[in-house]
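Trainee: Spelled out from the first residue to the last, the chains are:
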Amino acid sequence: MRMLLKNGHVVDPASGLDAKRDVLLDDERIAAIEPSIESTGAQVYDASGLVVAPGFVDIHVHLREPGIEHAETIESGTRAAAAGGFTAVCCMPNTQPVNDSAQVTSFIVERARRTAAVHVHPIGAISKGSKGERLADVGAMRGEGAVAISDDGLPVMNSGLMRRAMKYAASFGMTVIDHCEDLNLSAGGDIHEGIQSMRLGLGGIPASAEDVMVARDIILAAETGARIHVAHISTASSIAMVRHAKKLGLPVTSEVTPHHFALTDEQIPGYDSNYKMRPPLRTGSDVTAAIEGLVDGTIDCIATDHAPHTGHTKMQEFERCPFGVTGLETSLGLALKALYHTGKVDLVHLVRLFTNSASSCLNLGRGELRIGGPADITVFSTEREWTYDAAATLSKSKNSPFGGTVFRGGPVATIVAGRFAWTAEDGIR
Amino acid sequence: MHSEGPNPRSLLGIEGVPRPEIERLLERGRHYKAVPPNKKLATLAGRSIVNLFFEPSTRTRTSFEIAAKRLGADTIGIQALGTSLSKGESLVDTLNTLAAMNPDIIVMRHAASGAPHFLSRFLSIPMINAGDGRHEHPTQALLDALTILEVKGTLEGLRVAIIGDISHSRVARSNLHLLSKFGADIIACGPATTVSKNLPLLAPGIGLTFDMREAVRDADVIMMLRVQLERQNVEVFPKSEYFRYYGLTLEHMALAKPDAIVLHPGPINRGREISSEVADSQRSMILSQVENGVAIRMAVLEWVCLD
Numbered sequence: 001m002r003m004l005l006k007n008g009h010v011v012d013p014a015s016g017l018d019a020k021r022d023v024l025l026d027d028e029r030i031a032a033i034e035p036s037i038e039s040t041g042a043q044v045y046d047a048s049g050l051v052v053a054p055g056f057v058d059i060h061v062h063l064r065e066p067g068i069e070h071a072e073t074i075e076s077g078t079r080a081a082a083a084g085g086f087t088a089v090c091c092m093p094n095t096q097p098v099n100d101s102a103q104v105t106s107f108i109v110e111r112a113r114r115t116a117a118v119h120v121h122p123i124g125a126i127s128k129g130s131k132g133e134r135l136a137d138v139g140a141m142r143g144e145g146a147v148a149i150s151d152d153g154l155p156v157m158n159s160g161l162m163r164r165a166m167k168y169a170a171s172f173g174m175t176v177i178d179h180c181e182d183l184n185l186s187a188g189g190d191i192h193e194g195i196q197s198m199r200l201g202l203g204g205i206p207a208s209a210e211d212v213m214v215a216r217d218i219i220l221a222a223e224t225g226a227r228i229h230v231a232h233i234s235t236a237s238s239i240a241m242v243r244h245a246k247k248l249g250l251p252v253t254s255e256v257t258p259h260h261f262a263l264t265d266e267q268i269p270g271y272d273s274n275y276k277m278r279p280p281l282r283t284g285s286d287v288t289a290a291i292e293g294l295v296d297g298t299i300d301c302i303a304t305d306h307a308p309h310t311g312h313t314k315m316q317e318f319e320r321c322p323f324g325v326t327g328l329e330t331s332l333g334l335a336l337k338a339l340y341h342t343g344k345v346d347l348v349h350l351v352r353l354f355t356n357s358a359s360s361c362l363n364l365g366r367g368e369l370r371i372g373g374p375a376d377i378t379v380f381s382t383e384r385e386w387t388y389d390a391a392a393t394l395s396k397s398k399n400s401p402f403g404g405t406v407f408r409g410g411p412v413a414t415i416v417a418g419r420f421a422w423t424a425e426d427g428i429r
Numbered sequence: 001m002h003s004e005g006p007n008p009r010s011l012l013g014i015e016g017v018p019r020p021e022i023e024r025l026l027e028r029g030r031h032y033k034a035v036p037p038n039k040k041l042a043t044l045a046g047r048s049i050v051n052l053f054f055e056p057s058t059r060t061r062t063s064f065e066i067a068a069k070r071l072g073a074d075t076i077g078i079q080a081l082g083t084s085l086s087k088g089e090s091l092v093d094t095l096n097t098l099a100a101m102n103p104d105i106i107v108m109r110h111a112a113s114g115a116p117h118f119l120s121r122f123l124s125i126p127m128i129n130a131g132d133g134r135h136e137h138p139t140q141a142l143l144d145a146l147t148i149l150e151v152k153g154t155l156e157g158l159r160v161a162i163i164g165d166i167s168h169s170r171v172a173r174s175n176l177h178l179l180s181k182f183g184a185d186i187i188a189c190g191p192a193t194t195v196s197k198n199l200p201l202l203a204p205g206i207g208l209t210f211d212m213r214e215a216v217r218d219a220d221v222i223m224m225l226r227v228q229l230e231r232q233n234v235e236v237f238p239k240s241e242y243f244r245y246y247g248l249t250l251e252h253m254a255l256a257k258p259d260a261i262v263l264h265p266g267p268i269n270r271g272r273e274i275s276s277e278v279a280d281s282q283r284s285m286i287l288s289q290v291e292n293g294v295a296i297r298m299a300v301l302e303w304v305c306l307d
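In the order they appear, the protein sequences are chains A and B.
Just so you know, the first sequence maps onto residues 1 to 429 in the working numbering.
Just so you know, the second sequence maps onto residues 1 to 307 in the working numbering.
The hints are simulated quantities; they were obtained by calculation from the structure and are not laboratory data.
Bear in mind that the values here come from a model prediction, so they are computed numbers and not experimental data.
Think of the CB as a built atom: it goes at the ideal place given N, C-alpha and C, for glycine as much as any other residue.
Hints are not guaranteed to be accurate.
As the list claims (entries may be wrong) - Stretch by stretch, here's where chain B covers chain A in the computed footprint (C-beta under 8 Å, at least three residues):
1. 200 to 214
2. 316 to 325
Claimed, not checked - Reference excerpt, derived from the structure (chain B facing chain A, CB under 10 Å, subset only):
3. A111
4. R121
5. R134
6. S167
7. S196
8. N198
9. L199
10. L201
11. L202
Taking the hints into account, I'd like the entire structure generated from these sequences.
Mentor: Here it is as structure tokens:
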């Protein structure tokens, strides 16, 4: 099947392309990118007024399968990903059972092959059962398709184990992704420790809970030479440390979630658990630092940390509710709002944060428009106004703080391997 | 207008209630205090009130019960351990069940901060917060204000020391809001691990110290907090030496104003946060607080029901 996208504003940060172009897809491959291509037997779509970009990559999602399918499945989560403009996602290993073995990794790969709407790259666990005791079968998981390792959500407190994991993973060419949180410092915490936690009488998670672990990881990266990726960075100090590490040439990368650059702890309305996540929403100066980090490259990419939870688990006393919010469908809208329409970043840089820069954190080889390369394309608008309806999400869970938010610009069509994985209602013709 | 949820007649916390409304409540409290205790009123006749206590409580529960009965209302008391909650029913389901029985008011105490705020988003029945976790205990602050006003006549410009585990205390938080709205000069004092440096940002007029002698110096009112070890996730101070640094003794009373009064929300821990000599002295308003508790809760029940 051949598909021709006419007159789109093609943005490819990897090659620097930023111009009006036609893009011809021949089945699963990109066949041509030219100022004008004749429609020789191809299905033609008018992309004028729209941005045509490499398929977006989200390197941090929770798909909940196997084991927690009532909250999300690989099928439902990847459909939500497609609706958010993503053509590839990396799923965290905190499933039931934990993805700590070749068997679980291959189960995920196989389920994805049969049910997923977008490409799925599993992330393996650092430790067996993510218990922080013994190394998981890192090499075997790599053999089945795991792209990185992480004990996301159950961070490795044992620095000796972390050091071994980094050295060992590096020998397989894998990055270690760390959810940086000192569990002793964050114990009993529900939201950021600050004015809001004091006002609401909720337990605080201090910024130091993240900062001491980011410092540790940078020190270990310097010592071992192994690659470390800081997941969902949220504090100004952590961002400053990563900036310093990069200046020193250390193999450190980082990501930020849309909610951490779009919201502060003071915006938490009452005891609404759709604003409860780890790390917690931080202060205004942390948000400013996150945006600066995205602008100057300290933060390599935007990742959603899409964390679906079913309604009843979030309908409880705030302190009993699980941590996490969904985010796949609102990610681009929030980035346009906070970064692009405010003039903080140009279009090329915005796309970079979702594509090749995200991909390179984990060496995925994705996120660029290459002749002969995979026909994974994200078509989006910077202008179309739309309102997010959390109840109508394609995810199985609705725990988003952005229900009812009006966006200027968002995904229009998502093409995976040459076929539409999703199109907006007023999409592309 | 005085609630944080959609329900217009709830009392969830002091923070959201404007000063004129508080003055109105205090005025009605004074009115009810003057009514002889054996006189049963018909103000809330035919109304039913559910007292839903998810935490053990003797005085607050009893106080609400007496207040409701004196106003002629029917009360149903439910203790968490006696309900289906112990069978794993969620808070939402329990409340939905109770709401289906159409009570006129729900009075709720819960160990989780924000539990009544969360529920009031889904309920159309007026709710009174009888203490939520570490957050607020609005009727306690109202009865404390009534007690202070009886002796001092005003809150404006009074020097009030609040002493104890401030950050874990809902009594402290509600009092800080109330006293601040009335222009008191507040000094909060406790072990450094329990007093947030952000506390002065909560409301105007709040100062901080870790030195008890500094806190009580020239105080008009000394509010002691109960040491609540059960509310701490980890031991935030060595309890063996708590009394030595933060227990109220006659020596401290000598530093305060000669007519200074002492408040304590009870039940008191003698020798833990207050010495028996102070607790039993003329300056102690503890029993007066209990009496005012009934009057102020009558005022609050009336306020949410008849507003």
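Trainee: Now look at each hint and say whether the structure bears it out.
Mentor: How the hints compare with the structure:
1. 200 to 214: It holds: at least three residues are needed, and the stretch 200 to 214 of chain A offers 4 whose Cβ sits within less than 8 Å of chain B.
2. 316 to 325: Held - the stretch 316 to 325 of chain A has 5 residues with a Cβ nearer than 8 Å to chain B, which meets the minimum of three.
3. A111: 8 Å, holds
4. R121: 8 Å, holds
5. R134: At about 4 Å, which falls below the 10 Å cut-off, the nearest Cβ of chain A leaves the hint on B/R134 intact, so it holds.
6. S167: Holds, because the Cβ-Cβ distance from B/S167 to chain A comes to roughly 7 Å (cut-off 10 Å).
7. S196: 5 Å, holds
8. N198: 5 Å, holds
9. L199: 7 Å, holds
10. L201: Given a least distance of 5 Å, the restraint on B/L201 holds.
11. L202: At 6 Å from the nearest chain A Cβ, B/L202 passes the 10 Å test, so the hint holds.
When each numbered hint is compared with the structure, no violation occurs for any of them.
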